[in-house]
Amino acid sequence: MTFIKQRQYLGRLSVCMASALIFILAGCGNETHGQRRTVGASVITLALPDDPDVFPSSFAELRRPAVEYNHQAHVKALGKQGCDACHPLEEGRLVPLFKRKTDLGTRDELTELYHRECLGCHKQAVADGKQAVPLACAECHFSVPEGVSAWRAIHFDYSLHYRHVKASKEKCEVCHHILDEQHKKLVYKKKTESACGDCHGQRDQGKKLSLRNAAHRDCVNCHLERKAKGQKAGPVQCEGCHSAEKQLSIEKLPSVPRLERGQPNLTWIHFPKTHTAAVLFDHARHEKASSSCSSCHHKTLKACRECHKPGVKGKDGAVSLEQAYHLSSSEHSCIGCHKKQTAGKTCQGCHYLLGEQAGKNACKVCHNGPILTPAQTKLPEPVQASIELDALPAVSADFPEKVSIASLAKEYKAAEFPHFKIITALDKDVRSSKLAGAFHGTTGTLCTGCHHHSPPGMRPAACRSCHDKEGPEMIDKPGLFSAYHRQCIGCHQKMGIKKQGCTDCHERTLGEVAK
Amino acid sequence: MSVSRRGFLQGMAAGTLAAGTAGAAGFKHFEGYPGRYGLLHDVNLCVGCRSCEVACNQVNDNPPPEPPTADKSVFTKMRRPTSKQYTVVNRYLNEADGKPPVYRKQQCMHCNEPCCASVCFVHAFTKTPEGPVLYDPSVCVGCRYCVNACPYYALSYEYEKPFEPRVVRCTMCYPRIKKGLKPACAEACPMGAIKFGRREELIKLARERIRKRPADYIDHVYGEHEFGGTSWLVIGGTSFAKLGLFEGVTHESIPELGSGFLSVVPLIVSVYPGLLAGIYAFSKRKERLAREEREAAVSEAVSKASEETKQKLSAAADKAKKDKDNAVAQAVKKALAEAEKASGKEVSK
Amino acid sequence: MNQPAKSPARLLTPFNVIAAVILAGGAAIGLLRFIKGLGATTNLSNDVPWGLWIGFDVMTGVALAAGGFTITTAVYLFGMKEYKPIVRPAVLTGFLGYALVVVGLVVDLGRPWRLPYPFIVKAGPTSALFEIALCVMLYLTTLFIESTPAAFEWLGWKRLRKLVGSMTIALTIFGLLLSTLHQSTLGAMFLATPTRLHPLWHSTYIPVHFFVSAIAAGISMLIVEGSLSHRVFRDQVEISHEQFDKITIGLGKAGAVVLLTYFIIKVMAIGLENEWHYLATPYGALFLVELLGFVALPCFGFLLGYRERRPLLIRISAVITVIGIIFNRLNVSIFAYNWQLPAERRYIPHWMEIWVTVAIVTAGVVAFRWIVKRMPILHEHPEWRGVH
Amino acid sequence: MYHTMQDFLTFTKGSCYILAGLAVVIFIPFWLFLTDREKKN
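Chains as they are written, first to last, in the working numbering: chain C, 1 to 515; chain D, 1 to 349; chain S, 1 to 388; chain X, 1 to 41.
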C-alpha cells in the first residue's frame, strides 16, 4: 500500500474510532438533579389550558414550550401608562384579563390575540428605541427546567377580614352577593355571606367568573379606586398578596370582634337516627382557635352533614360523614386539626411518643352528649360544660418538688430532677390551651407523659418499678439507665430545650481528668 | 444461593478457556446458626455521647479515646475504627431539611457470611454459633487481604508491630457474651440506642418500632439482607446511603461473589491436562504426518530417480553390448581379410 | 564462551555502580522494614493496606512474567518451531519475574516466615489468595526446572540435562495450567470487593480480563526484552537480525489479536452492568485513557506493524502495551480502588516503598545479565544444538 | 450439617482442590502408559 493510501486508511480508521468514542460518551448523558429553581410570585405561565371541551388540543405535540410572563417586569416597564395599557375597562373597572373581557375563546383566537398584542407592543417599544425586548419566537417560547413557584394563595383570616369590614364601613354588600335566580341579578342578602371560593370555581362558567378573575376584578379595582382617592388601600401588584414574605408583613390586629353570621355559640353535632352520643360543639370557642371560617367550612358555610353523608362517599368526592369528622390526615376534620395542634414544640415533648393511636378515653371527651333513643328526636338545650382543671396539688411527699435520681450513680453523681418546676411549666402550657385542658381532662393526665403505662393521678409508679432490668428481646422496654436518658433527652430534643449534655443534668464523680 | 446468575456468568466467562459451569454453593440456601446474637442500633436515639467508645476501650484495655468525650470537635471529621479503637461514632448532618444531626456508631458488623473469612487464605476467621466472627492470630500470615476487602472498612492492622502484627477489630465482646453479659457498648449506652439480643427477635422488635412511629423511621431494617445480612442492624429516619452504608446492594453474600469463580478452578485443573495433551498429540501427529509425507516424497523421488538411472544404465549396457558386437564383428572381418591377403600372398609367392 | 575473570576496572561500569547503590539501599530499607515494622517504612494505612509492593511487584510483576508460559505453549504445544530461539530468554525472564514477585511479597507480608502456613497449618480454600499462593509456588518450581537446561549445559551435567529435556512437554502443560489459574484468580481477588473497586474496572469478567491482559503483557514483554537483549548482548546472539525481525513480526500478530480480544471484553463488561454513565466522570476519563490510549492504540500499532511488516512499529506498540498493563494493574489495585474514600484517606507511596520496588527490578536485571553472559540463553550450546 | 455457606464452601472447595491435585498427578503415568508403545513401532 503506497504511503498516500495508507494515510487515507489511517484517516478512515481514526474517524470510526472517534465516532465510537462519541457514541460511548453520548450514551451517558448525566442527569442534573440539583436544587429546583424558584419562580417569582408575579410570574404567570401562559400555558393555555388543555381542557378539551374548551380548547381543542389537536396539535398538542407541535406546541412550543409555554411562555413565562413576568407581570412585575412589565408593570415596571409600562409604569407611567397605567394598567389600562393591557387591561380593558368595563363599567370603569379594569378587567383582570389581557386585552379581552371574557376568558372564553378558542385556542387559535387566544394565540392570535397574544401574538398580535404582545408582539405589537414589543415592536412599538423597539421602534421607540426603548430597551431590547424579545421578538423572535424562541425568545419567549424557551424551555426552562421545572421550577417551584413562590406564589402563595392569600388567606383571609379574621383580622384581615375585619380590616376590610372596617374599611367598607360594615357594608357587607360591597363584596358579598348571591345570584337571584329569577331576575338573574346579583343581590345582597343578610346571613348568606360565604367565602368567594365557595361559589367561584376554577374556570368562568358563563357570567359566573372564575375565582381568580372575580377576586382580581373586585379586590384590585377597589384597591386602585381607594388609592386614587388617596385612602389607605391594599396592594395592587401580584407580590403584594401572593408572595410569602409580603403576607407575613400584613398587619395582624390583636383583638377582632366576632364575625356575626348567624352562627350558633353552642350546638349539638348529631346525625338523626345514628346511635353515637351527641357531641357538644362550642362553635364560638372554635372560632377563636381557628384562623378563618374556611378552616372548617372549606366548601360552604353550611353544616358538615349537608354535604357529608354517613357511611357513603359523596358524588363530588366528599368523604363520608365520620371521615369528615375523624380523618386524621385532613386539616378540616376535628381529629386532623387537633393532631396538628399537638405538633407544636410545647406538646411534642410527650406527644411524640404517643404515635398514631388515640388515648383510651379520648372519644368521651367529645362524645359526652346524650345518646338519642330512636323515639327521641329532640336534643335537650346544649349547656356549656366548663372543664376546669383543678389546681396543681401542693408539694408533698407524694408530689416531690425535687427527685434525686441516684440509684445508678457511678461515673456521674445523682441527677437532681426538678420535678415540680417541670410540671408547673408543662401545666401552664396545658392550661393555656382549652383544647389541651379538654382532652387532658384532669391535671393528673400530664403525669402520664413520663409515667406512661400507669393510671393518671397521685403516686404513679416510679420508673424503677418497671424499668429495673431491660425487657426480654421481643419487648421494647429499655433498662433503667436507658429509660431515664431516653425519656429526658428525648423530651428535651423534641421541645427544643438545649440542656442535653451529660454535665447539664449531673456532675461527674471521677472528675474531668480521670475520664 | 441458587446457582447464581453471577456465579454462572463468571463460570461461563472463565469457561471460555474450559467448558465449565459455576455456582459457589450450588442450589443450597443457608440460614446461619439459629438463635445467634445481634445488636440493633437505632440512630434516632443516638445522641453522640461516645460512652460506647469509652466502654469499648476499657473492656479491650485500649487507652481512653482521643479526644475525650466532652470535646465535640471530634465530629467535624469522619473517623473509622483503628487498631487502638474498635468503634467510633460519627455525626452525619442532614442540613438539607434542618433536622437535628444524626449520629451513627461504626464497628465490625459481624456479617452472617463474613467477607473477611472468605478472603482469608489461612481461614483465620470463623463465624461462631453465638454470632461474633472471631480472629485467630496464631495462623495469620499478615497479608491484610481481609483489611483490604471488608466493605465496611471495619478491620484494622497493627502496623506499628514488626514481629507479631495482628488484625484487630470488635469481637462483639465475645468473652462477655460467653459469661452471659451484654457487650460493653450496649451496657454503656445511656439512650439504649444499642440493644443486644437474638438477631431474629431484634428484627421483629425493629419492625415493631418502625410500625409504631412510621413518620420517624424509614421502613427498612439495614443489615437484614445486605450482602447476606449482618449481626449489627441499623434503623433510623435518615437514608442509609447518607449514613455511609450501602443502598440497593445484592442480597448475595460476598463469599458467594468472591468464590463464585473459584469453583471453576478445579474444573480447569481437571480439563486442561487432557485438552493440552490432545493439542500436543495433535500437533505432534501433524509433525509426524508432515515428516512421513516428506519421507514418502523422498523415497518416491528416490525410486523415480533410481528408475531413470536403471533405464539409462540398461540403455548404456545395450549400447555397450552393441558396440562390443560391432567391434567384434569388425575385428573378425578385418582378421578374415588379413587371412585372405596372407593366403593370397602365400599363393602368389 | 565464558568470559575471562573481569579486571576491577571493567567492574566499575556506570550500570554496575548505580545497580550496587540501589541494591544496597533496597537491602537497608528491607532490613529497616523488618526491624521497625511496616508502619515505619510505608504509607500503608487501615484504609489502604495494600500499596505499591502488592500493586506493582505482585500484581504487575506476575502479569509481565507471563511471557514464559505463552511462548513455551506456542513452541512445544502448538509446534511453532520458528519461535524456538526466544524460548529460553522468555523462560528465564518468567522465572526471574516470579522470583521477584515472591521477594516483593515477602517484604510486604506481616509475618513472611508463615508463608507456607496455608498448605501446612490451616487452609482457607474459599480465598482467591489461597489458589494464587498454591499456583505461584508450583509455577515458580516449574519455571525453575524449565530454566535449568541452560544451566546444566553450562555446567556440563549431561544426564540431568537429558532428564529435564524429556520433561519439557509435561512442564509446559503444567506451566500453562498453573498460569491460566493464577493469572485469572489474581483478577478474581477483586470479585470480593464490589463496593471498593470502581464499577468501570470491577465486573464479573475481571478474572478473564486479567488473564487475557496477562497474555498481551507476556507477548509485549517478549518483544521488548528480546529487542533490548539483542541490542545489549549483541555478542551472545546467534540468530540473524532478519530472523529476529520475523519473530518480532509474528509476535506482533499475536499481540494484535489478544489486544483486540481484551478491548472487546473490557467494553463488554461495561455493557454487562450498564455503567456507561460512569464514562462521563473523572474516573471515566482515567478508564478511557487506559482503554483507548494503552489498549486500542497498541492494538492498532500491532495491526499496522504486522500488515506493513515493520518491526520498529511493533516494538513501539509492545512498549506501550507493557506500560499499559502496569497502568491497568496500578489502576485496579490503587488508583480506582477505594474510589469512594475522601481524598485525605487515599494512598501515596512512601519513597522507601518506591526505592525497594526499583531495587527489586534492578536485582532482576542484574541477575538476567549475569546469567545471559554465562549460560547458553541467547545462543545454543554447541554440543546440544537442535536437541529438544 | 453446615449452618453458614462459608463453612460449606471451605469444606467443598478444599476437597475439590485435593481431587484436582490427584487428577493432575494421575494424568502423567496415565499418559505415559497410554503412549509408551508408540515409540516402539
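Think of the hints as simulated: they come from the structure by calculation, not from any bench. Note that the coordinates shown come from a computational prediction; the quantities given were computed from them, not determined experimentally. We put the beta carbon where it would ideally sit given N, CA and C, even for glycine. Among the hints, erroneous ones may be present.
Chain X stretches covered by chain D per the calculated footprint, using a threshold of three residues with CB under 8 Å from any CB of chain D [claimed, not checked]:
id	stretch
1	1-8
2	13-25
Examples of chain D residues lying across from chain C (beta carbon under 7 Å, computed) [stated by the list, open to error]:
id	residue
3	A55
4	V59
5	R198
6	L205
Hint by hint, here is what the structure shows:
Under a criterion of three residues with beta carbons nearer than 8 Å to beta carbons of chain D, the stated coverage of the stretch 1-8 of chain X is upheld, 7 such residues being counted. Figure legend: the stretch 13-25 of chain X, annotated as covered by chain D; annotation consistent (8 residues with Cβ-Cβ distances under 8 Å, at least 3 required). For D:A55, the suggested interface contact is broken, since its CB lies about 10 Å from the closest CB of chain C, more than 7 Å. Interface hint status for D:V59: violated, as the beta-carbon distance to the closest one in chain C is roughly 15 Å, over 7 Å.
A distance limit of 7 Å between C-beta atoms decides the matter here; for D:R198 the minimum to chain C is near 5 Å, and the interface restraint holds. The interface hint given for D:L205 is met, as the beta carbon of that residue sits about 6 Å from the closest beta carbon of chain C, less than 7 Å.
When the structure is compared with the earlier hints, violations turn up for hints 3 and 4 and for no others.
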